[in-house]
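Protein chains: 2
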Amino acid sequence: MKALQTACGEQHVLTAHHALRAYESDGLLQYAVVPRAAVLPGSAEEVVAVVRACREHGVPWVARGSGSGLSGGALPIAEGVLIVLSRLRRIVEVDLANQRVVCEPGVTNVAISAAVGPTHFYPPDPSSQIVCSIGGNVAENSGGAHCFKYGFTTNYVCGLEVVLPDGSVAQLGGKEADLPGYDLHGVFVGSEGTLGIATRITLRVVPTPESVRTLVAFFATPAQAGLAVSEIVAAGVVPGAIEMMDRLSIDASEQMAGAGWPSDAGAALLVELDGPAAEIAERFDELSAICAVAGSSEVRVARDAAERDVFWRMRKAAFPAMGRISPHYYVQDSVIPRTRLAEVLERIDALARDAGLRVANVFHAGDGNLHPLVCYDGHVPGEAERAEELAGEIVLACVRAGGSITGEHGVGVDKKRYMPRMFGEPDLAAFQKLRCAFDPAGLANPGKVMPAPRLCGEVPGPYRRHPLEQAGLAERM
Amino acid sequence: MKALQTACGEQHVLTAHHALRAYESDGLLQYAVVPRAAVLPGSAEEVVAVVRACREHGVPWVARGSGSGLSGGALPIAEGVLIVLSRLRRIVEVDLANQRVVCEPGVTNVAISAAVGPTHFYPPDPSSQIVCSIGGNVAENSGGAHCFKYGFTTNYVCGLEVVLPDGSVAQLGGKEADLPGYDLHGVFVGSEGTLGIATRITLRVVPTPESVRTLVAFFATPAQAGLAVSEIVAAGVVPGAIEMMDRLSIDASEQMAGAGWPSDAGAALLVELDGPAAEIAERFDELSAICAVAGSSEVRVARDAAERDVFWRMRKAAFPAMGRISPHYYVQDSVIPRTRLAEVLERIDALARDAGLRVANVFHAGDGNLHPLVCYDGHVPGEAERAEELAGEIVLACVRAGGSITGEHGVGVDKKRYMPRMFGEPDLAAFQKLRCAFDPAGLANPGKVMPAPRLCGEVPGPYRRHPLEQAGLAERM
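Top line first, the protein sequences correspond to chains A and B. Position 373 (the first sequence) corresponds to 373 in my numbering; numbering is contiguous. In short: position in the second sequence from 1, add 1000, done, that's my numbering.
Isolated chain A (complex conformation):
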């Protein structure tokens, strides 16, 4: 503890239980652990000092950005240190000529677009973008509504300065897009805090499209809307975003955003085109026609920026608004091949009926990235367990349809038990080889991502034993 205080100043090391309670969960509230200590370094040098102190004392650590993650990736460890990066929030450089921004990990996602606007913007846009940090986006390879066209965080990270678990500092990648050597910045993105801490991040930003047009088309059922999605994509249209909301989500969002969407529609499809004005004008007519042919009961076109904002508020409010129609909910995140949308949605309906629970569906339809929201009342005995079980069945149904256990929220603690459903033993062993190469002592976010705690047994050194097994080590710091 003394080492942490020396590194960051006494006032930036929290050890009081009530202060630590603020950090016991990330956005996945179903899990909570109070850490031994939380430390808030104020510079990359202080991060290095903290990581070195942890290494020296064999204490595991977890890095945390804004704590808005949805897979428990920033869940603390009881005997460990939580390294909170929210004080590292400087935008270091804006280089529009080369379409690059260099920033610290605690900068919020939305602050990047603000710093490069109005001429440029940063495409990956999680719904939590007002609060979520770029460092967290890097850890989870975050997506968002615009990823169908623009790609995920990994497509925008060019370079990283990282503090590795051994306390060394490496520069991975740089301002250029494709450097020689191994693509370690690529592997670092999405590594969920298990390979080190990014202290400086170089991002690519792109020119703001000349024109943006947004419509919402209403359908009788999500399956019908899913068909429209397939036809839009098959026609070669690449929308900036294609988002779907089902009846339950629309109901919830209306209570917060009040768009006045038709109360009899079974699904709403929000489609946005962006690009050169000449292209958009022509493509937009085509898009409206496809929706009509696919059976849309009504197509509303946003007439101005204000109406576009209302459309997007409906979509982005869906998670928080769910609280208005259900005391608790569990956000699921999985991916299916776009071509199997209708079939999987029906399967989810059937599973929900069997469990006697309601499931709202909001999703990035272009990517086939579902976000089923399992509604439950935690005050009713057994209902939380039933909800978790249902969420698990939904994940497995997606995997069986050729999909993935997570689209953009990460594995964290929440999904690690499903990893063997997606990966064979040699594939998991390959992951483990990488992890042990960078963290032989198992100090960086242990207990996350991998299905069972594994030791880097083959690798010798002073940290052979798993630190979680070494009782009381934290006391000695």
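Hints are computed from structural coordinates only; laboratory data are not their basis. Do not take every clue at face value.
Which residues of chain B face chain A? A partial, calculated answer using Cβ under 8 Å [said to hold, decoys possible]:
| no. | residue |
| --- | --- |
| 1 | 1169 |
| 2 | 1236 |
| 3 | 1276 |
| 4 | 1304 |
| 5 | 1335 |
All residues carry an ideal CB built from backbone N, CA and C; glycine is no exception.
Got chain A sorted already, so can you dock chain B onto it with the hints?
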């Protein structure tokens, strides 16, 4: 040797010196080494058997595709086995609904586009695309003329089945774009054969653009053409390709492709727009206007597909055509920030004058990816050495301008000495951690990429000594 024959059949194991001579170099003819044996497996299972046999006997190996690489990445090892993958040339699956192709590593680059055309195509297009293999493209993270808009190989590889140096087989990634777990398929792309052998590759293909239009604009100097490039990009135009050729390259290519381009132009800028017809028509006029304002002496627009082909033949002939104006040449490959094109081109001119050699410049101007061709006559004593030295000075000039030692040809043997100019010790150590995690014995393409032979000393096991130091081991196979 017996193990190899058992694995692949006697006729697929070459040991005769004259047969092995065919494999002594890849496309970088300045280096040549005859391997102990070359083996041509006919299936993934045979690749596994070969890698396991090499592991068992501690024999190093090098994987080779078509041998068209330009950094000596597939240069054999005298005491090692060359694993030639050209028999693995099946396209396993074409799934246009999900925009995916699954193929073996020996399939040529151009065969992918042929298999998915005319509705789709595979964007990364090295000039050698008629012969180069997808496996080689994966190893080198190959680029091409269309990478400015479309990105490199790494942006199109979704999944890999790989044989790791320990003989295990892992599935990295898959058909979906963003899977949970570490992005190992991302790190495998561009790893230059040092992490294993890809035996099955899942690629993303994209819809063929509705419309393509191509022009060539002539300028007094490459610097002036470079200015036009900056202005095109600054205007928000994203061409499918922006390629530049200087006077010497035009002269060479005219002898092969005979386009009849003006004989007094100092530089030709080949610009291609692709996309929706409505967009292209409007953008093309804008593009022509930008070239005129930037001082172009003439703009020629390809009137039809035949003329477009002539334009592209001029560009793609530049390397082979160089043989018509110089007995030998050395292809350099480096990257500079686009904004510093003019300055670096002048520096290259000055360096060439000092060395008394001619340097032709052909390059992917949008990416700032230069391909200076250093011309020399190997029959004149000392000239080959002077050419190599000049090539080295050009690389360093690019690094000093904030660039990179390689854009798309890889490090191989040719550039490894420059790695410390780009990377600090902790960065190289991070690379080495990864390499040792997957190849602790140092059997997979040793002596490539990293600046000095390093041993995975910290890792114990039967392969502690570097195999190149273990004389005669190959004899025992």
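Comparing the hints with the structure gives:
Interface restraint check for residue 1169 of chain B: the shortest CB-CB distance to chain A comes to about 6 Å, inside 8 Å, so the restraint holds. For residue 1236 of chain B, the shortest C-beta to C-beta distance to chain A is roughly 5 Å, which falls under 8 Å, so the interface hint holds. Evaluation of the residue 1276 of chain B hint against chain A yields a held restraint, the C-beta minimum of about 5 Å falling below 8 Å. Interface restraint check for residue 1304 of chain B: the shortest CB-CB distance to chain A comes to about 23 Å, outside 8 Å, so the restraint is violated.
At about 6 Å, the closest approach between the beta carbon of residue 1335 of chain B and any beta carbon in chain A falls short of 8 Å, and the interface hint on this residue holds.
The structure fails to meet hint 4 from the earlier list, while all remaining hints are met.
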